[in-house]
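Heads up: the sequence lines are chains F and Z, in that order.
Those letters in the first sequence? Residues 0 to 74, per numbering that gives the first Met the number 0, in order.
Those letters in the second sequence? Residues 0 to 308, per numbering that gives the first Met the number 0, in order.
Treat the hints as calculated values from the structure; they're not laboratory data.
Take these hints with a grain of salt, some might be off.
[What the hints assert, rightly or not] Label-pair distances were calculated between CB atoms; the ranges are:
{"id": "1", "chain 1": "F", "residue 1": "Thr49", "chain 2": "Z", "residue 2": "Gln78", "range": "33 to 39 Å"}
{"id": "2", "chain 1": "F", "residue 1": "Val32", "chain 2": "Z", "residue 2": "Gly69", "range": "19 to 25 Å"}
{"id": "3", "chain 1": "F", "residue 1": "His62", "chain 2": "Z", "residue 2": "Asp203", "range": "19 to 25 Å"}
Idealized CB from N, CA, C, for every residue including glycine.
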Amino acid sequence: MRFFAALLIAHASFAAVTKDAVAIRKLLSDADVGLPVGAVAPEFKLKDQTGGERDFASLTGPHGLVLVFFRSADW
Amino acid sequence: MYCRRQLVQLQHDRPSLERAGFGLAAISYDSAAVLREFASRKSITFPLLADHQSNIIRAFDVANRRYPKGTLLDVNSEQITNSLGDVPVYGVAYPSVFVIDPKGKIVWRFVSETDELRLTGAAILERSVGAISSANRLSVTKGRVEVVVTASNSEAGLGNRLWLGLELKMPPGLHLYGPQAGGSYHGLDWTMDESSCWYQSEPDYPKPQLRHFPFEETELPVYQGEVRLNRELVLKPVLSAAEPSLFRLFQNVCLDSNSRVKASGTVSFQACDNRQCYPPQSVPVEWKFRFLPPDMQRASPELRREFEP
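Could you put together the complete structure from these sequences and hints?
Written out as structure tokens, the structure reads:
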């Protein structure tokens, strides 16, 4: 019985959400933090997974660099 | 865990980024040892950079403001509990992307305060420089108009932000009315079916031309030649320690027998030339994505972050 009640609640929260266009717009929006377009990217020199030091010049391609910040590869 | 999936997907999309002339690197507050172990386990060959002191994360102003010094996070529930054994998260980055030109100037950026959502490499490429992926492309012709369905990716995991496209191609002399046309005109309209499996943004309609017709006093918004619409589609990030049944529900409801997620909708329009209008069309459109299951494996215990640098 408790299992079915939990499943019902899960079903409800699973089925909800999608219709609220304003909430979705906020969820998907570009946040008001971080350097803006037009700013000069800060210089960096960091170790990569092989232990080698990398800076912008060693990473960029002819048209530039896609630099991704992520939370963690551990958790 | 959403990050690990994103890194694998970036590795997958790396050839497209390189073909478009872009280098690829990813930064986190992890130690080089954590990155080495993960890269080796998942065969990641693009550079993962260890910003263990979060200096570069702060220089780009993307350190998560919800986590002040001393914050400990229960990584299963994603709640701040400050309990023994939880992970120090001061200095962790918001999921962010910066596209930097060869001279070092930022030319495109996206920072997400929503922790679970991640852009794919191909979506970054389409949204930043308009390089349209051919990974997931279908075409159908209705009422003399060719409708081409595109998507940034053909594979997707939970929380992935995919970039959908619809191209409508008209022969010379034909036009479609823009969504603003109103009245009895069947303006271009792209709707998505309701689903518990994904979120979607509103579509971007390009600016139509304004044209004068002898039968109407005011000018009418029209598209001619080719018009491309885009919208974002996000597979719901349903991993939840509090409600583990959500992921099972997602699997039961959203995946077909070949482990694919299908997203569907309708594009409606009416094509006209200078003499007549053809019957209004409603064309069903759909996208299929091979589902990439989440990677739940953490770093080895001895490598995990225990201190706040």
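Structure-based check of each hint:
Between F:Thr49 and Z:Gln78, the C-beta spacing of about 35 Å keeps the proposed range 33 to 39 Å intact. For the pair F:Val32 and Z:Gly69, the beta carbons lie near 21 Å from each other, so the given range of 19 to 25 Å is met. The hinted range of 19 to 25 Å is satisfied by F:His62 and Z:Asp203, whose Cβ atoms lie roughly 24 Å apart.
The structure agrees with every numbered hint stated previously.
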